[in-house]
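*Asks:* Okay, here's what each chain looks like letter by letter:
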Amino acid sequence: MLLIKCPYCEEERPELEFRNAGEAHLVRSPAISEQSDEDFAAFLYFRQNPKGLQFERWRHIHGCGRFFNAVRDSVSDKFLTVYKAGEPRPDVETLLNPETVSDAEPAKKRAPRAKKGEL
Amino acid sequence: MRKYSVFALAREALRAHKGWEQQWTSPEPKSEYDVIIVGAGGHGLATAYYLAKEHGITNVAVLEKGWLGGGNTGRNTTIIRSNYLYDESAGIYEHAVKLWEGLSQDLNYNVMYSARGVMMLAHNIHDVQVFKRHIHANRLNGIDNEWLTPEQVKEFCPPINLSADARYPIIGAALQRRGGTARHDAVAWGYARAAADRGVHIIQNCEVTGIRRAANGAVVGVDTNRGPINAKKVGVVAAGHTSVIMNMAGVRMPLESYPLQALVSEPVKPLIPCVIMSNTVHAYISQSDKGEMVIGAGTDQYTSYSQTGGLHIINHTLDAICEMFPVLTRLKMLRSWGGIVDVTPDRSPILAKTPVPGLYVNCGWGTGGFKATPGSGNVFAHTIARDEPHRINAPFTLERFTTGRLIDEAAAAAVAH
Amino acid sequence: MADLAQAAQRAHPLQTGHAGVGSVSVALADNATRVSLRARPDAVAALSKALGLSLPLKPKTTTSQGNRAALWIGPDEWLLLDVDGSSLVADLAKVKVLHSAVDVSHRNVGIVVSGKGADAVVNGGCPQDLSLGAFPVGAASRTVLGKIEIVLWRTAEDTFRVECWRSFSGYAYSFLQESARDVAV
Amino acid sequence: MSIQSHSGSNRIAGVGRLVPAKTVRFTFDGQSLTGLEGDTLASALLANGIHLVGRSFKYHRPRGILSAGSEEPNALVDVERDKSRKQPNVRATVQEIYDGLQVKSQNRWPSLTFDIGAINDVFSPMLPAGFYYKTFMWPKFAWKTIYEPKIRAAAGLGVVPGEADTDRYSNRFAHCDVLVVGGGAAGLAAALSAAQTGAKVIICDEQAEAGGALRYETDVTIDGKPGYDWATETLASLRALENVTVLTRTTAFGYYAQNFVGLVERISDHLSNPGSDMPRERLWQVRARKVILATGAIERHMVFANNDRPGILLASAARAYLNQYGVAVGRKVGVYTANDSAYAAAIDLKRAGVDVPVIVDTRDNPSSPVIEEARSLGIDVVTGHAVFSAGGKRRVSSISIRPNKGGNERKVVVDALIMSAGWTPSVHLFSQSRGKVAWDAANERFLPGTYAQDCVSVGACNGSDGLQQALDEAVAAGGKLAGETGFKGKTAALKATGGTDWVLGMIGSAPGAGADTTVKAFVDFQNDVTAKDVRLAVREGMHSIEHVKRFTTNGMATDQGKTSNLHGLAIAAEALNRPIPAVGLTTFRAPFTPVTFGAIVNHARHDLFDPTRRTPMHAWHAAQGAAFEDVGQWKRAWYYPQAGEDMHAAVNRECVAVRNQAGIFDASTLGKIEVVGPDAAKFLELLYTNPWEKLGVGRLRYGIMLREDGFIYDDGVVGRLAEDRFHVTTTTGGAPRVMNHMEDYLQTEFPHLNVWLTSTTEQWAVIAVQGPKAREIIAPLVEGIDLSNEAMPHMSVREGRICGVPTRLFRMSFTGEAGYEINVPADYGRAVWEAVYERGKPLGLTPYGTEAMHVLRAEKGYIIVGQDTDGTVTPQDAGLTWAIGKNKTDYVGIRGLLRRDLVADGRKQLVGLKTKDAHVVLEEGAQIVANPNQPVPMTMIGHVTSSYWSQNCGRSIAMALVIDGTKRLGETLYVPMPDGVIEVEVTGTVFFDKKGERLNG
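Residue numbers (the numbering used here), protein chains in the order written: chain A, 176 to 294; chain B, 41 to 457; chain C, -11 to 173; chain D, 20 to 1020.
Bound conformation, chain A alone (with noise of 0.2 Å):
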């Protein structure tokens, strides 16, 4: 049973208060209807799975209820950091080397990588 940290109660709390929601930042087109079939599948059904740092969702459902994001290593199942749902997607260099990488031009860095739906 994994320890879970939620970004809003602010503490670890154990799994079973925990939902997996599946893999964060995809987006759902806000011209949904208008997407082609492939568009559409890829947002629907095709993942990236990876074998490593996996961005995903979770939702504190049988605590606060809100749903936040989190990566973890898909390998060891540790948990790297969590943030709240909406916040952009963190720096996986930063993640990985926190020490190494300079504070310099944060912003910049993460601004670009939080709509899209890549690493």
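Calculated pairs, DSS-like style, for lysine-lysine (alpha carbon to alpha carbon, straight line, at most 25 Å):
{"#": "1", "chain 1": "D", "residue 1": "701", "chain 2": "C", "residue 2": "84"}
{"#": "2", "chain 1": "B", "residue 1": "330", "chain 2": "D", "residue 2": "169"}
{"#": "3", "chain 1": "B", "residue 1": "138", "chain 2": "B", "residue 2": "93"}
{"#": "4", "chain 1": "B", "residue 1": "330", "chain 2": "D", "residue 2": "77"}
Think of the hints as simulated: they come from the structure by calculation, not from any bench.
What you are looking at is a predicted structure, and each value in this text was computed from that prediction instead of being measured.
Since the structure of chain A is already known, use the hints to place chains B, C and D on it.
*Replies:* Relative to the frame of chain A, chains B, C and D by itself:
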């Protein structure tokens, strides 16, 4: 290949079993093969075997990053059945069962296919509706599956708790008598031995690290930790790791990999004569020939490549087992383990060509791939050899996730109301 | 017409009353007025004023004033509790700022676990750390007990209030009693 | 030597720590025996001179007691308190005796001394590892009918009890700063030092008391006290501390992610009369910030011919039996060793007056003080020699000794042999934590290498062989880890003297059992795996240790290879001529020792297996004799049979009553969600296919909810109570997932909307009153609502009072009749129901259950999501195109519905079916074909989703999903059943009151 038989055993007994040959050799990889199969699990080895046996393609390498049969083949609860609802699923699983029935003789390896019957319990009216739908569809497809009354359930499996006071009383069951189990390791070893005998190279401890493609996009080989190996056709049969391998060719898959746990009890004298499954209370159980209760647990809720899962998953599974079989609470869990299962959105497999010429994929078996092993390998070999799917696997495409033509067995079971 | 309309009597889902095992008592709480309150931060002041208590803003905390208590459930969610027949619903009806108040008085059932070892009784099925450091007096949280969801509120060092949905109260009560038998050993 | 016969002839006076006066009576295979309080079953049997305890799995060879702990492979017995509390496969070395304990041996017939199954031993040349893969294939049918049943009957060990278990089990979730696993010297020291800082500590040990090896290492002092006394005192002082939980008889069996460790505590198995509140076992699910593994090491046996004879034991076990229990394992005890630690056992035995004729040491020129001491006691120490074979069958009677390299054989008569091949550090939990072990080539052992979790190993499990080294390491670790959790405090060093270093020895087969031999030298006792089996596996191409393990079953018995794994690996490595790390080590998986299912299940049995949800009116239904059906976790009233009625008759009566007078139905289980906020309508527009913005306050609408893929997910009636407040209903089973689905979209896709969702499923009891007299029945009870058709038409909602309590009154129908659904606060449900029933009874008001509800709605063609739809059905398929808002640009599922296959021809559509013979009722799930005369496999074009006898229609009715169904109206199709083909006509889905006039009645 020296034939296995009781006479061979007797002969060897006289000379301290010094005369047995290696069941398969461990050759060094050649620089080129006609076909490379990535993954030496049951499905991959069966594919190689049928490529050699039925299509005359023997210049084949099966590459395995660990030891053959060490993935889900060696980690599953070995349930075999074919009583699936849709024609597409029934077609492939029944193809497999027909092969199971003669597999020991075909491979000259006792895979211990034990048609002891698979009984799926109905606990509410919704279950009854769903099972009857299966039974009728199976009957018209020529597949055995019959309805049992609670009394017949008890007769078929005496230790089961038939009490009306049970939280979810058993109100009937669907029984496929030809369903059962087989010895998982023997399936991998039997296919490996028979394939190797026909010239197939099984190369263990050989991890694929890249898929090599020509300028026109077509596959030309793979990179491995033991160097590049050329082949114009590559079949990926990597179960939980399919996404990882396919990603090397730039193909994203409709797959997620989850940890699936299973466990066995200490061995006890025969008690449970068949395979019992219950979707409503979420458990399945059979007793191995060795006497261990073989129990399948659920998947964890998150994707993972860890081959480990949480204790709470085991808790829930054993809750259900002890509810069905209250006499089992004093048994002990002897071993538990995890596998990585690759799950598609419709819980049906993908056995198909891919957008990359020369690259074929066989994946998405989720929690139930073992039962399909011979059938899957058989039609996948056809697909690779002919560069077109067999009639049986033609519906199991990648494109169905774009068109919406899903083969959704799970959805067909719907949810109770 | 009205003569037929005899006022209907309440029937509690649990008739069990009270049970004690060893040092621990597992008892039904009195009927209560309960409101599920939802609001954004900018509405908290007005709502607090109307309620006569400051809505807690820190996770896992509660505030109370007299019989009235507010349990932080989520960043925009509180469970408000007051005695049966209180003006809780009416008090909120007057508030004009954006919020959602839903009367859930009958949705929940309260069970009080008290006595030495109450924390162990709850830990028989609740996976949270209930040591006083992690879950001090006054702490409250939605969590799980065995196979159901509960709201857990520590009202004293050795007293917990367990709130669960009505149809789960039989399960919760039996579970806590079972667990109390174990703790009594 | 002096003998105390009343607690066993091999009990030595003045030796051990048990109290001679405290005798305990027990039986073994019916024989009445006496032991002492504190005895394990094994020590009590040995005290009585009994070594033969069981039979092996495959060859049914006689087996005795190998060890004094949980690693025991051989001595498995059946313990029975009564019929419902019978326990197979109990390790005699773990079970403590109590007055009245009843023990039976296993896996033998007719008796332990004469076992027919032992014939397998004679045929063993035909039964090498994996023999079953090579035979039993002819004739084909025989596997199932002959071979497999025989094999199954021969396999297995104990027998499952015939009755359900009456014992209780419990659970505790616990948290601590430092969890210490193991209560030996290192574990105690670590716990003590962590506890001294004030950190919250849990320490567990699988034994009844702490001390580990200190229980038998008599030459040790710690802190100036004899080791055992120090351990006992330390344990007592730990127990007294507020911040420490001491758990004895508690095994840490599983190390899961993020320092989550499963422990199982044995509470009553050692008690003669356990109290009724007392659980038999308790599961501890511990989340530890830090874990200290002090799991010790396990002694290995020597692998030589017939090393499995009863009377052959591990040296440390013999020492434990002597020093703890006062039991001599024999009167003439030989010693066979490859390291120093067996000498201590020999010396202790000799000093206790036991004859030790010989110590056989495989080492050529060992030198150590203990060897000198043994010699000085007059023991014949023979070095550079090996025991080539053991004589005797049911008990060892002699050993044959030869020089390692061969040569003259010497036979020594013994009645017991103790042995030590060295010590295997117990890295099981470390490995379970996903740490990577490292090969210590110098000492030929695996040690913790790379850690994956927040834990450390100390003492013997970490390869710290000397006692002082282990204590220093443990004290430091306790202080350091506690410090890392925020508790800084002083920790006191501990000073030790004495003790033997647990180093060196040998792995693999001993001289005389090498590759050129055919002897039965057992590696894995329980599974009867010999050294030659391992070699055979290698010969057959099994070059990975995993293959070897699976092919031979080495290490797969109930002892999980604690004594055998390393030997097996060494033999395989030798056969492969590869270094051990290249052959690999089996990864250890939970559990460390087998764990009772009951403990894992704990409270979740009987009523607590799964919650049973009951409605506020449940007791009323039960009192009326209702039959109930399970719908999810709910119990719903199914039908209300009156005297003499079967289900069919009851349902017919209920259905007719609803259409002719009125019926009352408990609809409380329907999911309810209150949607509140200025954007509530906007939100529903996005979650349902229907339009909502224009729905008037006080009006209802039937809504369809899709998943993003376009398939129907749920349905229900939604009422608008105010501009900014909706009362949404869902299906019974769908309530939780619909709520989650809505929250997901609200929080993550549409967070800009000002709206909140609250589940009110259980706030409201729902009483449906349906039928032509519905209004007449409820009118007198209702206050503040004008019930006239004009004021409150079909599909409207009003708030008011009923029976003096608040109500949300819905005018709606799932029967096709005019009717109401009365929502009242749940606690009032029963009273209001009774009031309505009393009022309506004279007017013919009839309670009806879910079955009649299903029939009535089918008569009207109303679908049930999950029955008439199945997760592959679109609104168009279900004939619900009208429920899709034509002008909407977005809602969940809008894009999914446009996919190629969802708009293609040939989809299955919902239609009605009428059997040609009106009295034939189709079976739900039956398949439909166009041509019944085609051969199998047939082309199926649909299936029956709902089918009933309709008393109101005077015929059977059915609904079905049929390919291109709506184009087939009027066509004849066929339902082939086992006993004949049923002809059906395709119709519309409405069978009763096609114009729908009754709704407004």
